[in-house]
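K.L.:
Read off the chains here:
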Amino acid sequence: MAQRILICDDAIFMRTMIADILTSGGYEVAGEAESGLQAVERYKALQPDLVTMDIVMPDMGGIDAVRAIIAHDPNARILMCSAMGQQQLVVEAVQAGAKDFVVKPFQPARVLEAVKRVLGG
Amino acid sequence: MTDLRRAKYVALFATEARSLLAGGRRTLDAWRDTPADAAPAEELFRVLHTVKGMAASLDFTALAERVHAVETTLSEVREGRRVADRGWLSLLAQDLDDLAIRCEDAILAEGGDAAAPEAPAAAATRIVRVDLERLDRLFEALGALVTARQELDRQAAADALSPVARAAQALGRHLDRLQDDILAVRLAPLAEVLERLPPVGRDLARQLGKDVEVVIDGDDLEVDRAVLDLLPEPLLHLLRNAVGHGLESPDERRTAGKRPIGRLTVQAHRDRDAVVIEVRDDGRGIDRERVAAKARAAGIIEGDDALGDDALLAILARPGFSTATELTELSGRGVGLDTVVARLHAVGASLTLTTVAGRGTAFTIRLPTRLGIVRSLVTGVGEERYAVPLTHVRELVAWDPAATRIDDGRTVLRLREEWLPVLDLRRLLRYHGAAPPTERPAVVFEANGQRIALLADRVVGQVEAVVQPIERPRGMPRWITGATVLDDGRPALLLDLASVV
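Quick note, the sequences are listed as chains A and B, same order.
Residue numbers are given in the numbering used here: position 102 of the first sequence equals residue 102, and the series is strictly consecutive.
Residue numbers are given in the numbering used here: position 301 of the second sequence equals residue 1301, and the series is strictly consecutive.
Just so you know, the hints here were simulated from the structure itself, not pulled from any lab data.
C-beta atoms are modelled at their ideal positions from N, C-alpha and C, and glycine is treated no differently.
Chain A stretches covered by chain B per the calculated footprint, using a threshold of three residues with CB under 8 Å from any CB of chain B:
no., stretch
1, 9–19
2, 54–68
3, 101–115
Footprint (simulated), chain A over chain B, 3 or more residues, beta carbon under 8 Å:
no., stretch
4, 1005–1014
5, 1045–1056
Derived Cβ-Cβ restraints for the label pairs, each shown as a range:
no., chain 1, residue 1, chain 2, residue 2, range
6, B, T1352, A, A2, 56 to 62 Å
7, B, D1220, A, L46, 29 to 35 Å
8, A, L46, B, R1134, 28 to 34 Å
9, A, E113, B, R1134, 33 to 39 Å
10, A, D73, B, E1076, 36 to 42 Å
11, B, R1032, A, E41, 32 to 38 Å
12, A, S24, B, T1352, 49 to 55 Å
Chain A on its own, in the form it takes in the complex (with noise of 0.2 Å):
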């Protein structure tokens, strides 16, 4: 069975293009999210196997949401998106329990690595 995704950004946009790197890669979509509070209230609901998780998003960034995310289940699998020049806050996202990153913007076949490596980790 396809592995579940829940796919956690504020724009439209980069919710498509991730999916639609994930579907190429044979992975299904579990569900979207917009914002970090969503991200956790989904993430609950749907038990995906695997999160990507954009950085900057309103109500709850993407730090934060991780944080509650891990307290809910410590052995979510998380893969940060970041943007240019945000090391710290990937450094961050890590320390609260992110297994990875992917920088925007996206290349798809550095994503499906990534995806691969976080869900086989």
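Given the coordinates of chain A, assemble chain B onto it according to the supplied hints.
P.N.:
Just chain B now, with coordinates in the frame of chain A:
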């Protein structure tokens, strides 16, 4: 990325970047009242950050860099290295306008956002994107159903209590719902177009050394996607015109006892089955005398009568008139008022003008909310029927041969104080059947700012005409735009009066 997928992302970018930047601009305007507040800076940062990410994903490198530069400026305030004072905030406002315009340029360079998906509704709902062509096919099928139903209703009318009649009624109710649902799918909010106007207006004003406040109202109204798609051009034209010619310089305004900042309102509201959009400025108004003098010199009008608003618009909308005089001073973009009026007329929309010297000018666009179904007046010539869109029709009068004369080889009809050119449908259609009835009606219509009396044999009535495309044999006049099936099952051809003239 394939072209098709790229087009999809460009369309997503167009919708989302526009809405984010317009929202950012509102955040900024509110921030001016509470400069010490930190929340607006965070919100604006998020807006810029998102736009930058999208731009970079589409390889809009120059745009992404420009957004990044504005983001950097903003971070000085976010990190407490700078205070958000008045001057800084207005520079930021200029930056946001500039970004909005650069986004439009980037979208345009990709061939526009024609593949724009329907605006997404609430985030929680699942969204399916459907291209407009498929919807159009659904819509055509619906048109055929509506026509078939009219025939069924006619058959059933013979005995209203028969089982067939009851079945026809039930079918009718379902069909009404289906029609509403299909039409609703095609709806998109006016905001998609109206939100683009303020940055363009402010930017142009700055280039011309003017200051303008652009107020948008009624942008939550929804109209058919096809109607929405034809709005940007006329609205941008009217906006540029208002800022370029309507509004005075701050000095002139002060001298006239006005606020130095000009005000431009774009206000939309629904009026029965039409959407009305008014573009109003509080500038100097159009100089009637000057336009009249120019028109007289060009031989367009005679006599010394003052020009009414309608006559004024008719002159300004003449091919080449406005473009040849004032509008060329504006940045080379866009088309002339003549083209704007012609395009609006082609879809059954109208444009009117009100102007008061020293007080300002208002242009009003009146649009059908949906294309494809046109309220029409059905006229007859011999046994044939012709439908004309009601948007153009002003009044019906009885044809009185005593009130006509030949003027310069053309028949004109006297209507109150005015002599109207007469267009006889029989001659237009080269109808050679039975002789005309002794009493004939004249349909007074207005097209391209000109009033004309259309002489028919009779008026049959009004219909909601479902427009059906027709095969066009060689030599068919371009003013026959389609066909519709009337209640009795017989066809009528649709005439586009604006292009007859």
